[in-house]
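Engineer: Heads up: the protein sequence lines correspond to chains A and B, in order.
Be aware that the first sequence starts at 1, since it is given in the UniProt record's numbering, and climbs by one per residue.
Be aware that the second sequence starts at 1, since it is given in the UniProt record's numbering, and climbs by one per residue.
Possibly wrong hints are sitting among the right ones.
Claimed, not checked - What follows is a set of in silico ranges between Cβ atoms, one per label pair, in the way DEER data are often shown:
1) Thr361(B) - Ser548(A): 50 to 56 angstroms
2) Glu357(B) - Asn328(A): 25 to 31 angstroms
3) Gln355(B) - Asp436(A): 55 to 61 angstroms
Everything labelled a hint here was simulated from the structure, so no lab data went into it.
Ideal Cβ placement from N, Cα and C applies to all residues, glycine included.
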Amino acid sequence: MSDAKFFQRGKIQELRLELNSDKKDRNYTRKKQTLKKIVANMTMGNDMSSLHPDVIACMSIPVLEVKKMVYLFLINYAKAKPEMAYEAIQTFRRDVEDPNPLIRALAIRTMGYIHVDKVTSCLIQPLRHCMRDQDPYVRKTAAVCVAKLFMQDRHLVENAGFIDLLREMLVDSNPSVVANAVAALTEISERSDHIQLQLNMSIASKLVTALNECSEWGQTYILESLMFVVPQEPGDAEMLAERIAPRLQHANSAVVLTAVKVIVYLMNYMSREEDIHSMCKKLSPPLVTLLSSGPEVQYVGLRNILLVIQKHPEILKNDIKIFFCKYNDPIYVKMAKLEIMFRLASEHNVEQVLSELKEYATEVDVDFVRKAVRSIGRLAVKIESTAQRCVEALLELIQTKVNYVVQESIVVIKDIFRKYPNQYESIIGVLCENLDNLDEPEAKAAMIWIIGQYADRIENSDELLDDFLYTFLEETVEVQLALLTATVKLFIKRPTAGQDLVPKVLKWATEEVDNPDLRDRGYIYWRLLSTDVAAAKAVVLSEKPHISTETDNMDPVLLEELLLHIASLSAIYHKAPTTFIPHCKPRFLIPSPALRRQNYNAGRTLQHQDSYSSLHNSAQYQQSQSNNMRSQRFDGDDSGNGGLDEFVSSPKQPQHQRLSYHEQSFEQVAEASIGNQEYYEQKINAENPYRTDTAAVGGSQANKGGGVDLMSFDL
Amino acid sequence: MISAFFIYNQKGEVLISRLYRQDLKRSIADIFRIQVISNTDVRSPIITLGSTSFFHVRHENLYIVALTKWNANAALIFEFCYRVINVGRSYFGKFDEEAVKANFVLIYELLDEVLDFGYPQNSEADTLKMYITTESVKSERAVMEDSAKITIQATGATSWRRSDVKYRKNEAFIDVIESVNLLLSAQGNVLRADVAGQIMMRAYLSGTPECKFGLNDKVLLEKDPSNRRKTSNTVEIDDCQFHQCVKLGKFDSDRTISFIPPDGEFELMRYRTSDNINLPFKVHPVVIEIGKSKIEYRILVKANFSSKLYANNVVLNIPTPLNTAGVTCTASSGKAKYVPAENSIVWKIPRFQGQSEFTLTGEANLTAMTHKKAWSRPPISMDFQVLMFTSSGLLVRFLKVFEKNNYQSVKWVRYMTKAGNYQIRF
Chain A
1 MSDAKFFQRG
11 KIQELRLELN
21 SDKKDRNYTR
31 KKQTLKKIVA
41 NMTMGNDMSS
51 LHPDVIACMS
61 IPVLEVKKMV
71 YLFLINYAKA
81 KPEMAYEAIQ
91 TFRRDVEDPN
101 PLIRALAIRT
111 MGYIHVDKVT
121 SCLIQPLRHC
131 MRDQDPYVRK
141 TAAVCVAKLF
151 MQDRHLVENA
161 GFIDLLREML
171 VDSNPSVVAN
181 AVAALTEISE
191 RSDHIQLQLN
201 MSIASKLVTA
211 LNECSEWGQT
221 YILESLMFVV
231 PQEPGDAEML
241 AERIAPRLQH
251 ANSAVVLTAV
261 KVIVYLMNYM
271 SREEDIHSMC
281 KKLSPPLVTL
291 LSSGPEVQYV
301 GLRNILLVIQ
311 KHPEILKNDI
321 KIFFCKYNDP
331 IYVKMAKLEI
341 MFRLASEHNV
351 EQVLSELKEY
361 ATEVDVDFVR
371 KAVRSIGRLA
381 VKIESTAQRC
391 VEALLELIQT
401 KVNYVVQESI
411 VVIKDIFRKY
421 PNQYESIIGV
431 LCENLDNLDE
441 PEAKAAMIWI
451 IGQYADRIEN
461 SDELLDDFLY
471 TFLEETVEVQ
481 LALLTATVKL
491 FIKRPTAGQD
501 LVPKVLKWAT
511 EEVDNPDLRD
521 RGYIYWRLLS
531 TDVAAAKAVV
541 LSEKPHISTE
551 TDNMDPVLLE
561 ELLLHIASLS
571 AIYHKAPTTF
581 IPHCKPRFLI
591 PSPALRRQNY
601 NAGRTLQHQD
611 SYSSLHNSAQ
621 YQQSQSNNMR
631 SQRFDGDDSG
641 NGGLDEFVSS
651 PKQPQHQRLS
661 YHEQSFEQVA
671 EASIGNQEYY
681 EQKINAENPY
691 RTDTAAVGGS
701 QANKGGGVDL
711 MSFDL
Chain B
1 MISAFFIYNQ
11 KGEVLISRLY
21 RQDLKRSIAD
31 IFRIQVISNT
41 DVRSPIITLG
51 STSFFHVRHE
61 NLYIVALTKW
71 NANAALIFEF
81 CYRVINVGRS
91 YFGKFDEEAV
101 KANFVLIYEL
111 LDEVLDFGYP
121 QNSEADTLKM
131 YITTESVKSE
141 RAVMEDSAKI
151 TIQATGATSW
161 RRSDVKYRKN
171 EAFIDVIESV
181 NLLLSAQGNV
191 LRADVAGQIM
201 MRAYLSGTPE
211 CKFGLNDKVL
221 LEKDPSNRRK
231 TSNTVEIDDC
241 QFHQCVKLGK
251 FDSDRTISFI
261 PPDGEFELMR
271 YRTSDNINLP
281 FKVHPVVIEI
291 GKSKIEYRIL
301 VKANFSSKLY
311 ANNVVLNIPT
321 PLNTAGVTCT
331 ASSGKAKYVP
341 AENSIVWKIP
351 RFQGQSEFTL
361 TGEANLTAMT
371 HKKAWSRPPI
381 SMDFQVLMFT
391 SSGLLVRFLK
401 VFEKNNYQSV
411 KWVRYMTKAG
421 NYQIRF
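In isolation and in its complexed conformation, chain B is listed as follows (with noise of 0.2 angstroms):
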């Protein structure tokens, strides 16, 4: 398991570092900083030098590195510089080096926490808060008292929640935020075409709530005998993963799911769909070499969902050669311009309303190159967000909350579509 855990910064500073076992000195932190941090060509997040290895994960500005000397569970490393991450964030809502400096003292104590031997212990954020608090001025009084009830929290089975929430007004935000993506061949075949979905709730429920959510999934409602009619809108979910608090025994059984949620913000599930994926945007473009010197472009965008729905923030990254000595272009919508810093032409589209299309047509004067290798032509890339829409089609039928004080809830539910990789070769 992990023997030491550090955080360095760009410049391989240490920021934090603990050992978790006497099989390490501090000086092997030193190693890294040589091995991975000056090394301009990384290739591996996971680098081993006689029977040590480190584990890097980046993030901002920092670098997440465990260490172990144990043929360790490469994952759950993984996982837990991850989570280690997701609670910086919750704490400090941001984490990077500012963040890590002005709270270093906090951190230690959450290492000593969340990681015992080596072995990762409860890391949710929310339950940490309970007693290790960023106003140190806490009495201590009030944790020996407080002490029993966090100890059953941070080893009871539903870790993640406290018992003692109340709000005066119950409420719950549903957001479903699909990632479509794309890869379109030049000869227009779609390669691959998938969504990743997440559905991201947030509960404000007071006491215990137990929570039932439904979904258009096609496998239940095909079940159903009742629901037999109405499966022609159905999503088949090639896959999905859960919350912790989703019982997925439940799951398993029944296809329901059912859990008591964390307060607040959490990720209650991930799904995974491949079948009659909706694309929002169709891109054609026509790119022809004009000899050595010359690029012509015409790329002609469509949006593909209904014309009551719009989309923002649409951006295209239309590739350039690197030697490339200035672009023309014109756009029927939105701005193009060449940014050589990308060695691409970047074109914004504010807004975007369904069934229209757009053109741009262009032209890339290059310089004459001395070593003669063939432009490799990086796929076009797109961004985009489309409120209310899924591609998937997926849809939420319910959510339904039962409480032992049978209090009256109010749900929200949102969808986007947003894209993930979404590339276009030409």
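Chain A with its partners taken away, still in its complex shape (with noise of 0.2 angstroms):
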């Protein structure tokens, strides 16, 4: 028999009356068919609330399934009708004292799930016995319960002594009690402000015996527990990572990136480098052998990959190829592969990448071309053997005329200008008769500054940043700024040719612009040249601090942070949890004797003592990293976004526009439901402003080829 011709609008008073109906009824088979109705309209999405006083009334049949469609009735209703919940307060009292232990466990979980007060009080007591239930799947049940409970009303949990027994879970025989204990205790530590889970050797010993016998989820909880053991001494990591590396084998993935991270975690803690490389060697393989999972483990697998690689470089090392694009991978696989294979590009494999690239470069997906071929420039400036052979190849790739790759060319050959001047000018001509297709600020601005650059070498420059001041007042700020720049080079290198153009622009932009970063920048080239001409040039002409794809690595801190939360959301972001997940606890390597110094700041480790300092310091953090950027920013030598995108190889622009796009199409669902979005972006802002702006001058990975995180990340 089907069920579904129950998926059908039903009228509220047409139910009722079935349900009340007094006809002969053989084994309630008219009530369950009608209660069928109800569950289906539920799912549908109208509301059925108002049948609440005949739905409890069937709670009285004694028919399994039929309490469990009525207790799925009152967890959806609830919330909105409390009073109803105190009618089923009797067979709750009556149910958790059930001989059968599958009801005692059904009825606790269920009042678990009511956000009623009343309930709630009721559950209390039945909850403590069912914690000593002789009944493991009571047991187990009641665990996770104590979770429900402490979402309601953490200081009830807190004073009613839950805690401690589900401490005392830990020890329990059975292991799906341990693992849901466990899970239990690392979520109530996650939220709770001063409980934090702490596990000593002893305890993780213990857990670590349990992972043998656990369903694969449950060795996962006990897994994710494991990252708040820590180490005291180099044995214990060691030992602790030589138990776990057997769960890497483990058939689901959640089991082997959760060892991936603890194993990641502890060999911080580890002293002899002979252990750390085989650990390392240990971790290849099953991270290969995510790729052969279902397309979204895939992309959870690369994201992840690509966080370990970067702090442990030898992972990998020698299997790019795996990393190489099928032709039907999905576009979020291929995106993810693609930023894979750059990273583990080197001088050996260069020749096979690049040929790999250069096939990506033809194929449909707009996004996925743009980032091969930016790839293909990046590769030019990480290598310096092949910047050749990859500018022969973005020289192909601008022949086909297609508009996207032309433009996505020429922001990458101006990287290239900057990395080894004066070696590839004769590729200019080439790139001036694509001019007029430049319909995109990124483009337009590094066209300009190549023009800006070479003003003495291009006979026509004066011709061609005339043509391109045409439209200055409606072109985007990038776009002024690398205009402006470009004009007053021309006329330091050629004042005969600039002469015209300069005051032009100059006027324009302290006098029609509104952007105080133009202006200003307007205002000190107005001064110097009117002032000291030679000293304008110093400073506009000056040497230009080196570009290399080093600044491609992401920020350490942030690096050390997601390497604490792999196989997360975060790590799949590469953004810090606290960035977009309210009230979430920051993770941080906690100091022992055994930790490993990290070389990038000592101080890091003592920080987060407290909060307040872990702010400070990363201020201070930041404060240098801007100090940075202040000092090379009056170079004179900006392509147009305040000096940022001078050593970040790629602006940060289209990062904003894509974001601002997705802004738009979002706008009205967002707006309407979820509506406190806008909160969250004002909100990651204010509390986190490192954050961003590191990522910006750090690792501006995010920002390469338009990544998949920002398409799927929108806050």
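Since each chain sits alone in its own frame, please combine them into the complex, following the hints.
Structural biologist: So, in structure tokens, the structure goes:
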């Protein structure tokens, strides 16, 4: 008998009549059918709550299926109709005493879902009994129930001694009970202000023993909890990692990735290089194997691999081939693979990588093609020996005349010029053929930068700039800044050619434009030029700092934090969880005698002693970063974005654009139903100013090629 | 952890909706419909709006969706979605819109059981079937008597197996199924070649059998000095993963595979190898673009395995440009025809003897195009099945069954190699 027929809109009145009908109802078939109709309507989103007296009346029917449907109804509507929950209390009281453990567990489980004070207060006593029930199934259900209760009323849980009861459960004889108790404790610890889970070695060792007998999910919970072990001696870390390592062979990727997380964490506390090395060796094969799972898990795996290989470059360094994209990979998998390919590219394999990238650049998906083109340019910057071939490849791509390919190529060629000055000027002619097709600000700004930089080599540079200047006031700030600087460069290099343009631009920049950045830069140039031309020359044409793909590396502090979150959402987005999860506790490496010194900032381990000093320190870190920025800012050589992109090789402008594009498309819904989106957006900026900024300075990989992260990450 | 779980059909209608936490409302279901189902360009399986994250997996004509407001374990959530599909298939044969609608009440029961407060619990179909049953006629009395057994089963160390299994004839079937992946460059170089293998087992064994399973695994055989002579015939396994019944600790210490199998069919292990791959087919494509109106094809396929074996259902997909007007082609065996909907020539060879070779010659006529974008030349892809052949050379050496009743058991083994991603660029 199929239940599909119940999937149609039912009238409340009719359903009520059916429930109350006096007709003979053997085995309650009729009642069951009516209840199914009600559940189907609930699923479709029709409000059935007004039926509550009639549904509650069915609770007395001694059929498990009926009971489960009534409970489902209760869970759905208890909050809206608390009074109906009161009527159910009697039945719950009876059920928690039932001789059948399944019924006892069902009652406890359901009561935990009902957030009505009266029910909650009736739950405390039976819950305490159930936590010591003789049946493991009831105990494991009760363990989770404590977490439920905590979400409703944390004080109640803390004061009623449930935490201690949970702690006792950690040494329960049944592995499922242990796993659920661990899961509950972990969650409570993550959410509570003053409860912090800390496991010592002896309890950790017991948990690892329980691993062998747990269900796969239970293994994940236990592994997760091992992140709260702080090894005091290197030997502890090694022993623990050694015992967890077999989990890497598990068929469930959640177990594998969580094990990877714990092992990577424990490596921070190991002392001998050979131990670390042998662990790294063990990590590689299971990470590769993740790529034979479903595409969604592959994506999760790839994003995490990108983190792991930044910390431990020896992992997977010889496995680049498996990251080559298949033609029919989903786009998100391709994008993630591309980033890893770039990272693993080295002198030895660059030949193959380049030919793959060329292949990708002819595919159909616009974002993927762009990213491939951009990667070719970055490859040139990363590996000098291959620069010549990369430039040739880019020129070939420009010949295709596909608009976005051309623009993307020009953007990266700017970086190549920047890295290898005076080597590839011969291609400027080809670039200039495509001026008319440029319509993206980033490409325009790049081209303008090239014209300004080589103003003395390009015969008609003044004409070219003049063409661009024609639309000066309509351009984006990025392009305007580039134009301003390029024009000044032109004037300094070829005063006669630039003398007509400079006053025009300076006047526009200082009088017609509202942007303070542009205005200020205009004033500075103006005063420099009018007071001391030699000084102007020294500033504007000064030696530029080197760019390298080192700046693509993630901020080490952020990387360290993300590694503690492997497999989680934040590791996929490469954003600290505190930036998008409200009330989330930050994680950090807890100091112990065994903790290896991190060379990037020695004070880091201490600063988290209290969160205030953490903020303070990070602010300092940021400040030093911005000092760097400022010192380079007046080298007078900005491609147009406040100096920043000069050394991150890819301006952050497109990021904002993409973001706003998504915001627009989501606007209607997001505003109406989530409402607080804007709130979080502000909150992120307010709470964590340094995060986003350092990401832009240090780890701009999020910007590269308009990453996958942004697409899915619409804060 | 998971805050809500939904199943939608393709139209975006909610078929199943279950909230586990109070941090979300039912109305969130509409957001997913608008953001993902009615969006033609979905570029990630995870979407985060504000602090709510939507994870989705597509299966048949369904969207399986899990929501969280926490920095949850993404691998766990996706694995859980896959598991729901598997449990569904095990219960209903197929997990699609029809099956979900026909069994929605049962699915709610299952969801109440396998997810508690968003934490996945025991989700082994075999155990679940003991107490969540399709025929609700089972008397309450019986449930009561069984219940203690059920709860031990659902929480115990071998949660995947009931203890009272009985067969008159004890049999075990092993299927070694290899998917061989190949990416060949236009110049004929192997860019990547690897094998993803799967060992499926169907165990019809009574009681609580302890099984030991052996492969010609290089690492294992080389450890044992008595075997040193025979090691020429071994396979180097890059990595393997096991069903949760396999004792991982034991494998880690001495590389033996021992386990108490679930009853019926399950995937015992998965493995990967990239060493010494025997590619079952060689393809030599010659594709020449003549001007802007014509493309000439000459494709040669050769079977590279023993002439005693043969391959079934060999299919080659040979791409043609989007502006193809028509194709004329002849094949020396099987049938080849142009399929406009797939933009390719589909060449089917139902039976392909080992060591033989066939060719296809053809010509595609193109219509004039206004925009000048070059043809992206997608790779030729190939599909096939070769019985009793493993690309990796993997062999099953033994399967031993130990049970306290000491019964005789019959074991069968089969091998098959099929095409995974078998792609040839040209």
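Engineer: Can you tell me whether the CB distance of Gln355(B) to Asp436(A) sits inside 55 to 61 angstroms?
Structural biologist: Once the Cβ atoms are compared, 59 angstroms apart, the range 55 to 61 angstroms for Asp436(A) and Gln355(B) holds.
Engineer: Given the hint of 25 to 31 angstroms, is the C-beta distance from Glu357(B) to Asn328(A) inside that range or not?
Structural biologist: The hint (25 to 31 angstroms, Cβ to Cβ) holds, given that Glu357(B) and Asn328(A) are roughly 27 angstroms apart.
Engineer: Confirm or reject the claim that Thr361(B) and Ser548(A) have a C-beta distance inside 50 to 56 angstroms.
Structural biologist: holds, 52 angstroms
Violation of the numbered hints given earlier is absent; every hint is satisfied by the structure.
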